[in-house]
Amino acid sequence: MRRLIGLLVVFAVLSAPAVANAHPLGNFTINHYSRVQPSGDRVYVLYVLDMAEIPTFRERQAMGSPEGYAAATARRIARQLELVVDGERLRVIPVEHAIAFPPGVGGLKTLRLQVVLRTERIARADAPRSLSYRDMTFPGRIGWKEVVVAPAGAAIVLSSSAPQESISGELLAYPKDLLRSPPDVTAATASFEPGTSPGPIPRLASQSLLAQRVAVRTPTDGGFASLVAERDLGLGFVLLSLVIALFWGAAHAFSPGHGKAIVAGYLVGTRGRVCDALMLGVIVTVTHTAGVFALGGVTLLLSAFIVPEQLYPWLNLVSALLVVGVGLTILRWRIRVWRRGNPLGHVHDHGHDHAHHHDHRHGHDGGHPHDHGDGTAGRAGLLGIGISAGIIPCPTALVVLLAAISLQRVGYGLVLILAFSVGLAVAVTSIGLVAVLARRTFSRVSFDGAVIRALPAMSAVVVLGLGVVMTLRALPSVL
Amino acid sequence: MRRRIAFGLAALVGVLAVVLGGGWRGSDATARTVGREDLAQLVGQFSAGSSRSVVRRLESTASAHPNDTRTLTLLGLGYQQVARETADASWLPRSREALGRAASADPADSLAVSGLAQLAVTQHRFRAAIPLAHRALRLDPENTVAIGALGDALVAAGHHREGFRAYDRLAGRGPSVGAYARVATARQLLGRPAAALDAMELAIEAGSAIPEQEAWALTRYGTLLVASDRIEEADAAFRGALRLSPGYVHAQAGRARVDAARSRFGDAARRLRRVVDRLPVPEYAILLGDVLARDGRPVAARRAYALVSTLERVLAANGVRTELQTAIFDLDHGIRPRAALARARAAYRAAPGVSTADAVAWGLARTGRCAAARGWSRRALVLGTKDGLFLFHRGMIERCLHGDAVARPWFARALAANPTFSLRWAPLAERLAA
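These protein sequence lines map, in sequence, to chains A and B. Per my numbering: the first sequence ends with 479, consecutive numbering throughout. Per my numbering: the second sequence ends with 434, consecutive numbering throughout.
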C-alpha cells in the first residue's frame, strides 16, 4: 500500500504543470545588443540580434537562404548604426557574421544573428577622441536594447556612458528580475584613445553557442525576484518528492526483482563484515542509478539534436506505451504464477526474474554466486552481486523517469531516481547490517511475508493504470 | 482578441479615471512615499506618453524601498499600462509580481487587490477576477478599478445583469471615459447600437487629460460607426484619434477597416501590414488575411493566416486562453472542426457568455449538428445582441435545418446589423439574403 501511495504521490508531484519555454522577453520582441569596442587603431562593433518567435516566423516566411539573408541583414544593420568620432560620422562595414535558429516555444524557431563591423583606421590625436554611437535598427519595435563600450588591444576608454560588461551575456542569458524593465539603451558616448597598431577583432560566438535556446538566469546580486525561478516547482515539493522516492526505493528492495539484492545483503551479513554491507549499498546505488541514467542520457542527447517540442509528443507516446507494456508484462506473469500456484517471492526462484526484469539479466547472473549459499563469494563476487542487483533499470524506476520525460522534466526525474536508488541501497545495506548484528536471529527470518507477496500484484495494476493515463495524455498532441 | 483589447483598454481607462478623479479613497495613512502629489505627477507623466519612464522611476523607488506597498501597487498598475500600450503579454507577470507583493504585504490595500482583479480580466481568468474584485470592494466600496473589473468579469462570465449593474454603479461615480465606454459595451450587447454610439459620444465628451485615452475612445467610437455603416464619420473618428496619438496602432487598424468597407483592399492590406508588424495579434493578422483574400491574393493571404496559427501556438504556450478566437478562426477555415468545437466548449466553460455560446453554436453547425447548434445560437442571442456574425451563424444553422427560405431573414438581419460584419462571410450572406 505504501508503494501504491508513494507512486501516486510522486506522480502527482510530477504532474505539476511544466512552464512553457517561451522567449523570456515576450514572443514578439526584437532584441539587440551592441558591444562598441575601440580596439587598436579601429573601432569595432559586435552587433547581436535576438528575434523572438513571431518576428522570426515572419522573417523566415520571406527568407531565401539563411546565409543570403544574414549577409543582407548585416549590410542593412551597418547602414543603421551611427558611429561618430570627433563629430565625423564613420562608415562601419560588416566583416563577419553568423546566424542560427535556436529553438523557441511551440516548435517555433527564434533567430540569432551576430555581426562584427569595423571602421576605417583612426589616427591617434593629441587629445582623447570623442565617440558617440547610436543603434537605429528596428525602430519602434519592443525588446531588450543594450549597448556596452569595452576597449581592447592598445586602445583606452577614458570615460563612457555605457557599462563595459553585458548584463545579458550578450543576449544569451537574460537576467530574470520581474520588477525591472528590460533596458532600452540604444546610444552611448565615450572618450577614448585609439592604439597605433591593429588590435584584436571581436570574436563571433561558436555555432553551438549561437544555436542555444535563449536562457534566463536568476540574478545573483540579491535582486528582487530570485525566488521566482523556482516558483513553478517549489523547494518543498521537490524535497517531499525526494523523501517519497527514498522510501519507495527502500520498499522496492523487498519486491521480487531485487530479491537477489536482499539475499546479497543477507550473505554479506552472514559473513559478518560491516564494510562489505556498506560497499554493497554503494554498488547497488551506483549501478542502479547508472542504468536508468544511461536511458535518460540517451533521451537528453536526442533532445539536443531534435527540437524538444517536436520530440516530446512522440517520446511521450513511446514512454507511455512502454509503461503499458511493462504493466502488462508484470500482470501476465503474476497471473501465470498465480495459476501455477507457485509460491511467490521466493528469492531463489528465477521464474519471476525472467519476466520482471529483462531476460538477459539472467545471463549476467551466470555464476549466481549467492545461490550456492556457501558464503564463499569473494570481493569480486560481491561486486558482481551488487552490479547485477542494480544494473538493469527496473520497471518502477523506469516509470519515474518516463513520467518525468513526459512532463519535460528529465533533470528532475534523474534526481528522483538517484533518491530512489539511495533508498534501495539503504534498505539492502540495513538488512546486511542487521544481519551482521543479529546473525543468529536473522537466519531464521523468512522474506516470504504475505504483504511482500501482495506488493508486486498491486504494482502491476498501478503501473498499468499509470501507463494508460500517460497514453491518454500523449495521444492528443500526436494525433 | 478584439474583446481582449477592448477589455484591456477599458480597464486602463478605469485606472486612470481613478487616479485622475482622485476616486481612490483607501488607507491614505499608509501612503508615505507616494502621496496625492505623486499620483498627480504620475498622471502627468502618463499623459506625456512616457509610461515606460514612469515605470522605471517606480522601479527604482521600489528597489530602494522594497516594503513600500504603495509604490509596488502603482508599479503593478504601470506595468499593466505598458502591457496595453505594447500588447506585449510579458509585462503581465511583472504586474502580478508587484501587485502580489503589495497585496501580501498589506492585505488591506484595496487598490492592489483591485489591480490583481483587473489583471485577471486582462488574462481572461474571469472566474478568478470576480472574488478578487469583491475582496477589493469590501476593503473600499468606492474603488472604481474594482467596480470596473467586477463588471467586465461578470459580463464575460455570462452574468450580464449583475455586470451591467456594476457598470451603472461605475457610471454613477461620475462621468469618465471608462464608465461610459462600458455602458456603450452593455448597450451594444443588448442590441441597441444607436444608444451605444450615444454613450461613446458621452465618453469622448467626458474627455481625459491623457491623449492616448481619448484616442482609444475615438477608435472605439469609430469601430462602432463602421459596424453601423457610417463609414465617413468612422474615418473622421480614426483620423482624430491619430491626431491625438500619432501612429496609434488601433486607429491605423480602424482606417484599414474603413478602406476595406470602401472595397479598397489594396490600401487596407498595406495599412494592416504595418499594423501587424507593430502589433502582431491574431485579430489583425486574420483581418490582413481576409483583406488579402478579397484582394485576390490567395498566396499572401495564406501567409497571413499562417501567422495566425503561429500566434495562436505562441499564445497558448504562454498560458493565454485563446480557445474562443482560435476556435472561430479554425471553424471559419475548416481546420480540424471537431477539435475547434472542443475548444469552443472549453471557452464556454471558462466564460459562459454570448460570444462563447455563439462559438459553440458555430462549431456544432460546422460539424453538422445543426439541431443542437440552434439551441446554442438562441443562447448567444438571448440579450438581443445585434451582432452581424452571431446572426449570420444563426442563418447558416437555419439554412441547414430548414433551407434557404427560412434562413433568408436571418442573413438580412445580419447585414442590417452590420453590412461589413465579416470580410469573409458578408458576401455569402448577401447572396443568401437575396
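Misleading hints may appear alongside valid ones.
Keeping only pairs whose Cα atoms sit at most 20 Å apart, straight-line, the calculated EDC-like set for lysine to aspartate or glutamate is [what the hints assert, rightly or not]:
hint, chain 1, residue 1, chain 2, residue 2
1, A, K109, B, D277
2, A, K109, B, E142
3, A, K176, B, D277
To list a few chain B residues with every Cβ distance to chain A over 10 Å, as calculated [as the list claims (entries may be wrong)]:
hint, residue
4, D88
5, W91
6, R138
7, D277
8, L401
Rough simulated footprint, nothing fancy, chain B against chain A, three-plus residues with beta-carbon under 8 Å [what the hints assert, rightly or not]:
hint, region
9, 57-63
10, 171-185
Calculated directly from the structure, the hints in this document are not laboratory data. Where a beta carbon is used, it is the ideal one built from N, C-alpha and C, also for glycine.
10 Å Cβ clearance of D277(B) from chain A: violated (8 Å)
Straight-line alpha-carbon gap K176(A) to D277(B), limit 20 Å: Distance ~27 Å between K176(A) and D277(B) Cα, so the pair is violated.
Proposed proximity, D277(B) with K109(A) (alpha carbon, max 20 Å): holds (18 Å)
Coverage of the region 57-63 of chain A by chain B (three or more Cβ within 8 Å): Since 3 is at least three, the answer is holds.
20 Å limit on alpha-carbon distance, applied to hinted pair K109(A) and E142(B): violated (48 Å)
Check on R138(B) being off the interface with chain A, judged by Cβ distance over 10 Å: Check passes; 28 Å lies beyond 10 Å.
Assertion that D88(B) lies farther than 10 Å from chain A (Cβ): violated (4 Å)
Minimum Cβ-Cβ distance from L401(B) to chain A exceeds 10 Å: For L401(B), whose nearest Cβ neighbour in chain A is about 31 Å away, the distance exceeds 10 Å, so it holds.
Coverage of the region 171-185 of chain A by chain B, judged on three or more residues with CB within 8 Å: holds (count 5)
Non-interface claim for W91(B) versus chain A (Cβ beyond 10 Å): violated (8 Å)
When the structure is compared with the earlier hints, violations turn up for hints 2, 3, 4, 5 and 7 and for no others.
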